[in-house]
Amino acid sequence: MTKKIVFTGGGSAGHVSVNAAIIPEFLKNDWDVTYIGSKKGIEKNIIETEFPEVRYETISVGKFRRYLSVENMKDPFRVIKGIFDARKILKKTKPDFIFSKGGFVSVPVVLAGRMLRIPIAIHESDYTPGLANKIAMPLASKIFTTFQETEKDLPKEKAMYLGAVLRDGIFTGNASAGKAFCGFTNNKPVLLVMGGSLGAVKINNLITDNLDALLKDYQIIHICGKGNVKSELKQRGYAPFEFVHEELFDLLAAADVVVSRAGSNSIFEFLGLQKPMLLIPLSANASRGDQILNASSFEKQGFCKVIQEEELNDRIFNATLADLLKKSDEYQEKMRQKRPFKTAAEMYELLLKVMAAKK
Numbered sequence: 001m002t003k004k005i006v007f008t009g010g011g012s013a014g015h016v017s018v019n020a021a022i023i024p025e026f027l028k029n030d031w032d033v034t035y036i037g038s039k040k041g042i043e044k045n046i047i048e049t050e051f052p053e054v055r056y057e058t059i060s061v062g063k064f065r066r067y068l069s070v071e072n073m074k075d076p077f078r079v080i081k082g083i084f085d086a087r088k089i090l091k092k093t094k095p096d097f098i099f100s101k102g103g104f105v106s107v108p109v110v111l112a113g114r115m116l117r118i119p120i121a122i123h124e125s126d127y128t129p130g131l132a133n134k135i136a137m138p139l140a141s142k143i144f145t146t147f148q149e150t151e152k153d154l155p156k157e158k159a160m161y162l163g164a165v166l167r168d169g170i171f172t173g174n175a176s177a178g179k180a181f182c183g184f185t186n187n188k189p190v191l192l193v194m195g196g197s198l199g200a201v202k203i204n205n206l207i208t209d210n211l212d213a214l215l216k217d218y219q220i221i222h223i224c225g226k227g228n229v230k231s232e233l234k235q236r237g238y239a240p241f242e243f244v245h246e247e248l249f250d251l252l253a254a255a256d257v258v259v260s261r262a263g264s265n266s267i268f269e270f271l272g273l274q275k276p277m278l279l280i281p282l283s284a285n286a287s288r289g290d291q292i293l294n295a296s297s298f299e300k301q302g303f304c305k306v307i308q309e310e311e312l313n314d315r316i317f318n319a320t321l322a323d324l325l326k327k328s329d330e331y332q333e334k335m336r337q338k339r340p341f342k343t344a345a346e347m348y349e350l351l352l353k354v355m356a357a358k359k
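Its first residue numbered 1, the sequence shown is counted upward by one per residue in UniProt numbering.
A portion of the hints provided could be inaccurate.
Simulated restraints on C-beta separations [stated by the list, open to error]:
1) Lys88 / Gln337: 43 to 53 Å
2) Glu349 / Asp212: 49 to 59 Å
3) Met160 / Glu50: 23 to 33 Å
Computed list of lysine-lysine pairs in DSSO-like fashion (alpha-carbon distance at most 30 Å, straight line) [said to hold, decoys possible]:
4) Lys188 / Lys44
5) Lys134 / Lys188
6) Lys202 / Lys226
7) Lys39 / Lys91
I should point out that these hints are in silico values taken from the structure, not numbers from a laboratory. We put the CB at the ideal spot given by N, CA and C, even for glycine.
Make a model of the complete structure from these sequences and hints.
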């Protein structure tokens, strides 16, 4: 009889990337795979584009806001409807297991799964759990953590330090192909700037306002988010993109230094590739502070340099970037000493063991 699994998670690319890494292993081993997400979230585009063979189901979704809004009064009803939607899908699908990556869309799925006594595993990417995962954790059979420090604050019988789960393709990038795609030469180092799946206005503006000065020393790949490409700035040595899909691994391979937010999945990929990083975490005013903690953990281990968004200006940015490149060998040596990640195949085998233990 065909084994069945349901994946859930969404709202940002970080809440989908681990699922996207593992799904091919289940498909390869003839599992029936269903993904439960929202109608308009980024997860829908990612899953339907990358995995047309995966059944994508949608549910009603509320949002956990940390600010006052009229929408806050509607959200409890959306979540309740989402639970009924998820329960209906799960009763129809009859999965053997649910794997949740978090994000607000995952909560109704986990609640419905618990009602139906389906074993559930949760993966937490950040240093501290997000609100959705905090709600879901008491209902889970197993909680995987990316940072070792996270494990100590969770129930011992459930928590397991795992490290990051990296996409298999991350190590297949071709630096020459990445440079050719951008029209770059080998004469200057390549700076890869990534603002996250939702873009980063302050980082984008810093690069474009400081472009002439930066291009004297670097060739720049700038992944700046939807609607943020300024076509009038395109020139030799500067390659801006809204998003990159097929070519991303080649661009990562081509990069000598990466400038990025501090989302967990991205920075662990840079770590796996031993790319020196300049991290600019989202400020505490714009988030729950998870990226600040992620970046701090990496900085303490000698993997990166960090500039807090409130302190960011072109002078500090340029000086920090130059120092990072100058000492890139030291940072890469620190990263070589660590392997805090699992491959998708290793994660698949681990999940099989968790499932077997719950029978």
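Hint-by-hint comparison with the structure:
no., hint, verdict
1, Lys88 / Gln337: 43 to 53 Å, "holds, 49 Å"
2, Glu349 / Asp212: 49 to 59 Å, "holds, 51 Å"
3, Met160 / Glu50: 23 to 33 Å, "holds, 27 Å"
4, Lys188 / Lys44, "violated, 38 Å"
5, Lys134 / Lys188, "violated, 46 Å"
6, Lys202 / Lys226, "holds, 15 Å"
7, Lys39 / Lys91, "holds, 20 Å"
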